[in-house]
Amino acid sequence: MTTLQSQPNHAGDAHGADGAHDGAHGSAEHAKYPFLQHHFDTPHHQFDSAKLGMWLFLATEVLFFGGLFVAYAVLRNRFPEVFSYSSHYLDTIMGGINTCVLILSSLTMALAVRFAQTNRKTGLIICLILTFMGAIGFMVIKYFEYSHKIHDNLVWGTTFYVPPHDAAGELEAKELSVAPTTSITLNPVNPAVFAVPTLAPTPAVDASAIKQASRAPAGMATPTQMAKAEGLPTGEHDPSFAHPATHLVDKKMPANSHVFFAIYYAMTGLHGVHVLAGMVVIAWLLKRAIRGDFSSDYFTPVDVGGLYWHIVDLIWIFLFPLFYLIH
Amino acid sequence: MNIASTIFSNLLAGDPREGRTLWLPPQDSNLAVNSDLMFWWINIICYFFFIGIVIALVILVVKYRMKKDRPFRTDGPLHHLPLETTWAVVPLLIVIFIFYFGFRDYLNFMTPPKNSYEIAVTAQKWGWLFKYPNGATSDDLYVPTGRPVKLSMRSSDVLHCCYIPDFRVKKDLVPGRYSYLWFQTDDVTPEGWGHNLFCAEYCGTGHSNMNRKVYALAQPEFDAWLTAQSQWLDKIPEEELYFRAGPKLYARCQQCHSLDGTKGIGPSWKGLWARVSGGEGGDGKFVDGTGYQSQIGAGKQYQTPEDYIRSSILNPGEHVVAGYANAMPSFKGQLNDKGIDAVIGFMKHMDEFDTKGKYLKEVPPAPKVSMK
Amino acid sequence: MTTINLSQPLDTAARPDNYITHTRGFMSWAFTLDHKRIGVMYLVSVLVSFFVGGVFALLVRTELLTPGQTIPGVTADVYNHFFTLHGAIMVFLVIIPSIPAALGNFIMPIMLGAKDVAFPRLNLFSYYLWIFGALFTVSSLLLGGFDTGWTFYTPYSTTTPAGGVIPALTGVFILGFSSIFTGLNFIVTVHKLRPPGMTWFRMPLFLWAIYATAIIQVLATPVLGITLLLLIVERAFNIGIFDPSMGGDPVLYQHFFWFYSHPAVYIMILPAMGIISELISVHAHRHIFGYKFIALSSIAIAIFSFLVWGHHMFISGQSPLLNTLFSLISFSVAIPSAVKVFNWMSTLYKGNIVLNTPMLYALAFLVLFTIGGLTGIHLATLNTDVHLHDTYFVVAHFHYVMMGSALIGMIGGLHHWWPKITGRMYNENLGRIGCITVFIGFNVTFFTQFFLGSQGMPRRYYDYQPEYQIYHVISTIGSYIMASGFLLTAYYLLASLFGGRLAPANPWGGRSLEWQCASPPPFDNFSTQPRVGDCYDFSAIRWDEKEQGYVVDRALDPTLNPNLAAKNSH
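Residue numbers (this note's numbering), protein chains in the order written: chain A, 1 to 327; chain B, 328 to 699; chain C, 700 to 1269.
I should point out that these hints are in silico values taken from the structure, not numbers from a laboratory. Each hint can be trusted.
With a cut-off of at most 25 Å between alpha-carbon atoms, the simulated BS3-like pairs for lysine-lysine come out as follows:
no., chain 1, residue 1, chain 2, residue 2
1, C, Lys1245, B, Lys395
2, B, Lys562, B, Lys575
3, B, Lys394, C, Lys1049
4, B, Lys394, C, Lys1245
5, B, Lys683, B, Lys665
6, B, Lys540, B, Lys575
7, B, Lys395, C, Lys1049
8, B, Lys390, C, Lys1049
9, B, Lys458, B, Lys562
10, B, Lys675, B, Lys685
11, B, Lys688, B, Lys665
I would like the entire structure built from these sequences, with the hints used as guidance.
Okay, here's the thing in structure tokens:
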């Protein structure tokens, strides 16, 4: 039988030795600090717990993205030539600007935390606004990048092999060896016959043929598609690639290049979703800051919000070299 | 349904062989011997521990029941390092032993001998095709006894798994790559009876109906079968194709296409020929809205109804009948022209078969071809 | 919670004002931040899901009475939906949340002497995520169902025409986040809300188990999240990561999936093991044997569980090297669990055993977990696994560990803490009958399936060869016995709510902190400061006739009686 120890188990505990009635001392603290929740003893206790909670959440985010990083590694290992070649289709300058924007926004976020800690409300609000603007800037540049690529059908899946500007719809999906998928239709009339999607479950040609056969130099595009692509009008694009359907007529493009874009959109897209979520968080922090919620006593939300924003930045710092820089 | 009577009739109609134990089917391959030995040893160890634990529990529970109206005994030990170490280390050593022997035998499973007789296997929803070195194909697996056999396997669509319980072999079939397994069986299978071959990776509606049989023949009989099998279609006179070969080939199609009008995964073949040849039954439609007759005929995409059927077998996604999914796999490479002719003939003469595909008239004695 | 006035007696008398009656109305429950109410809501949700999943199980078993169609209208397709739903509901809606979210939420803060978990709002949010996930999963039934098996293997799951696949995947994705946030909450709670005096090695073993489980929940579940997201995107947009014709690899999916799903099974079993530690020590009134080992083995199992996922893939075409490594590590993971069983048995040695319902469940656990664990050896061994993989042997094995161990542990814990949660005692005789019925039914159902599997019957089969029928019939009869045991249990537990004897604070004689508050607990858990001591020291416990429950005898309590303080432990 062991003896009871009665020391407190957390540091920074400011109250005295009288613990006769938990309620008495408890309510004094809780009256002094209206933000202090009833199950925590002191603000410091609450702050520590919140930070631990946020770090754990960051760990889950790392593992969440980790799966995609593993997928990237597996695909890169399988198709090294695809990755080293296709990264040329990404605009390094735009990506670089985005990187700087995010890093700067991390700086303004860290400054915001500092201002909150030192009771400087104006500085806090300005820095939060700057961070928010950085996020917007990131998303705007991303919008330009994406729209440019989608315009050229530099996208995931079999759409990669359909030339853009095909308004006449002449080059149907049927021409491809694998029927592409766009939507899933439901069959509400007779649910017993389970919904018949426009997915093609099995391709018309035996799909188990070990894939490297390309029926045209540029992967899975058919000769007809390429010929038609040659004849399409040009648009404004990166001057070094003067043709809108460059990737379809680019003889040096390896087979299976759609794989690069699939993982590119998956990772940067998921990252973009997290940036949007971060914008919501920053906006909420801004609202509370204007309302005057934060002080040197209580700045926990700014601190943990900042932690989240830093990891969003950190993930981009890994994405940028993996997609844009290494060839 | 009278469950009791079906159980007993099933039991009696079962396995003609001996050697089945409580746990395992008879050992019918070289790999089964060591696999079973390992299984038996693990079982012995498990019985030992399990019975020991149960007996100990019973003794403990009886001996240390709480005595009423007496204070709790408090002399129970809290730890005992030597004992705890022993019962951690000893099981660890046991499992390491088990791992080692399992691993060693597993290497055997993974290493087919160089002179193995190789058979190519293709699985698709929901059937198997076994292809032999001389080009013969078969729906069931025939193997020669007394020599190692290697199955080189691929799937055309989703994951499948080739499992032969009596041989204790199993391997997944993955689309996009080849996998293999090997075995050697020395016992000729009794007449009319075969080992079970199951698909052991869930693949949809017909997963439990992909069962096939494995027939083991002595080398001379196997050679004879192989020769006959590679020629069986060729040896059939043109006019007899539809009733000699049709039903057998239909076995591959019946998972999805009924003969009695029931709508399945694919359209029923009842009245099919009439529909595609513009006879009674009206004009059918494809999913793109066009009618049969707009696609079939002189100058159209399919010159003749035979052309259309042939295209449906080799390139089924080209025109899908309205109301059905594009779910049919291609049979390119599995059905040659004669086979296709047999199927077309089967469709043309559907009225000569019952709803299960059995020929209703009497089959004339076969010339030189023996078929199983 | 710092220094404690030891002269003040514990006040554990039942009060009319407890957490149930403190506030009333639907909104007070729907927006509650009280961990006890959230725990109760989870409990009800999980038990209802268990019932639904159980109905699917009975449909599956009944259909298997004969080869071919048995139940009119149940075709192979319908059957495939049945077993898929049974698996998905049981795994994601029942077993994974059951002990941590239902029992853990209620008991853990009280065991810690705390007022709540670290993040009560996150706790409520977790519950709502569970509800949304469940709704999505149910909605998938209305949109065409899903027939992929709970494992969603590609390429079948990305190409099956069943229309409910994406809603189901979304539902499971949301449920995953419910699990993650619960785990996150529990880790912070254990780190930050322990009372003075409760060092790590003074914590009850249930908390060690919950903590280890929470680590797995936080680290493994995000990988499931990304896997399901990739599946949804693959199915909707055919990006080609798992499609060989597009350069992808179906086996990559299996790696992703099992990287989560293997640790997931330890999410299921670790809390149950924690409960067993409590049940055995309390109902044998005996200090747990080998406390430190049991505590540390929970963490070891949590860590090792991340290293063995490939043992689900021995037959998938995985390289022999990986197969060898995974086989070897899988064996080593088994050892801590085996030693725990020996420790629990040693706790019975020189104990004061009472064969009441919780103890019977604990004994059932020991037997069933032994069988489940031992049959894992057949499956971890490379050559025998070739024969047994994807047969009914595997089905039997995982039901022994997931149902016969994890679920039995949960129900044992439910009985153990029922007086605390509801303030009522259930009928003890019916409790014993229910436990024995379930035990017998369970063994008849699933032990038979070991033979079925080793004789070669594959799993997920609607139709089967006739020689297997006798096994299926026996197994189905067992399932009906088991179902009746569960129905009996549900009956007497519900009946206790309306007419059961009022429960004292400490009906079983436990020493952990939850027995130092009233049954049911007041809104803020404790009226007086609970005393932290050795939670497995039962020497000071005695039965009090007046209270009809156990109390700490102050003369025998070393924290109160300085004369005893000098005594050493054994």
